[in-house]
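> What follows is the residue order along each chain.
Protein chains: 2
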Amino acid sequence: MKIVVVGSVAFDNVETPFGKVNDVIGGSATFFSVAASFFAPVAVVAVVGHDFPKRELEFLRRRGIDISGVEIADGPTFRWTGRYHEDMNLRDTLDLQLNVFADFKPKLPESYRAAEICFLSNIHPSLQKGVLDQLRAPQLVGADTMTHWIQDTPDELRDLLRRAEVLTVNDEEARLLSGERNIVLAARKILAMGPKSLLIKRGEYGVLHFSADSVFAVPAFPLEQVFDPTGAGDAFAGGFIGALAKSADFSAKSVRRAIVYGSVMASFVVEKFSFDRLRELTDEDVEQRYRQFVALTEF
Amino acid sequence: MKIVVVGSVAFDNVETPFGKVNDVIGGSATFFSVAASFFAPVAVVAVVGHDFPKRELEFLRRRGIDISGVEIADGPTFRWTGRYHEDMNLRDTLDLQLNVFADFKPKLPESYRAAEICFLSNIHPSLQKGVLDQLRAPQLVGADTMTHWIQDTPDELRDLLRRAEVLTVNDEEARLLSGERNIVLAARKILAMGPKSLLIKRGEYGVLHFSADSVFAVPAFPLEQVFDPTGAGDAFAGGFIGALAKSADFSAKSVRRAIVYGSVMASFVVEKFSFDRLRELTDEDVEQRYRQFVALTEF
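Residue numbers (my numbering), protein chains in the order written: chain Y, 248 to 546; chain H, 248 to 546.
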């Protein structure tokens, strides 16, 4: 099954306790699509400036990612500058420059419109809806969101949630969206807003998945070095949606396996800056870590 | 196999976001022994004052717990007063009165000395060692500790760790004891101090188990209401050690199952104040939640 993803393609300046980099490639759509490309065909809708390196677009293309929907606009590429604390579950956004993203109106190439699966990364809910409206008949719609949209565009977000089968959020976003502190009660309320599946991303503590009749928990992979958590949530979503697309099976069992593949991809992406760890990764690396997840959790 | 546990038997005054109680029964040895009593014979070494309710000692006895090693001393019983934050992973100790515990010298009744398993709850490492020295030939020694002992009695603690097969700590204690922020590196260093098994308790995020050749992760059970986290770590240890004692099997597979039973007991104890949830619990309740842990984690 083909996946269409909309989101940011960006430059990141990142500082973690282990180092500092400028002008590395980031963005939710980038992390998502590179992770998903290990499993299924992905097509990206995004915008970059003329300053965005051609070789990086070429890298995406070589991974089989369709970038015909990536617009190259006048102006600089979206840029995020952030710093992680000693406790890397915490980070500060030091600067955010929307640049070409400020006027972004996602337009899907005709070849995208038959995609069976759509993932709406963390952008304005009206833009997310705009992408969804251009798809003919998606069988599975996933969405991500953040505190900013929950607080500032609640009505647009609620509209979108009625059309999304899967929502990914973190603990804080789940609490804010539901008004419930307890995560189980929060999940119930969010499922009542529309999504059939809720994935709560908890950083180094793993992922919780809620559906009407089931709860599933996967720990994060215990790593000796978490180098840079940037993009972990997007790589998780990419691995998850990618594995679902590959299996073409949305049963509860398949969803669980896909969540583990999402956790696998997140565990790799944090091992280096940007998505550098994914550049060198093989399918066998992915399968090997999946088996390590089995060993980590079976009893 | 018979378990001997040493630790506190106490009065607790507890405030959580859901309510406030005074003079409820607490203490590490109490939580441990009640949880362990669902699986195997337990014998407690502790001290209480004459103010400690006879009916509560009688309750322990009715659960098959040997309390012949619980000394009744002149003076008031140990008392802890604490308050949990909205985020119940955090709590403040408002008051601590050692009372009869200040002069506690654990003395094991002769009938205790052949116990095969020993668990040394969180007390001064020299007292822990004093109990260990009175046992003839324990096959499995588990120990708990806390920040206070790691900082103030490092040498005594190191001595003890050389004699303990299993250590239970939380994230913060693991980092302090090892000097490593990363939890995998912290675990490696702690295993090099003696224990063959390290259990890192992470509250609502579950438990990580490290041994020389394996890592095992169990999520906490997602509950609609965590009423009072007090005693969760001790009930976890009780369920874990109890299940090991019942199986009389210390293989890796048996250890993993025992960790899940520990998680089961912790998940119950937080549902009410004190160990009130365990008072009414049946063996079938325990087995049912074990099956729920299977459903929560299998993929």
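No wet-lab data here; the hints were simulated from the structure. We put the CB at the ideal spot given by N, CA and C, even for glycine. One or more hints might be untrue.
[Said to hold, decoys possible] One side only, chain H facing chain Y, incomplete, derived with CB under 8 Å:
id, residue
1, 315
2, 344
3, 410
4, 429
5, 432
6, 436
7, 466
8, 470
9, 471
10, 474
11, 503
> Just pull the numbers of the violated hints for me, sorted ascending.
Numbers 1, 2, 3, 6, 10 - these are the hints that the structure violates, sorted from lowest upward.
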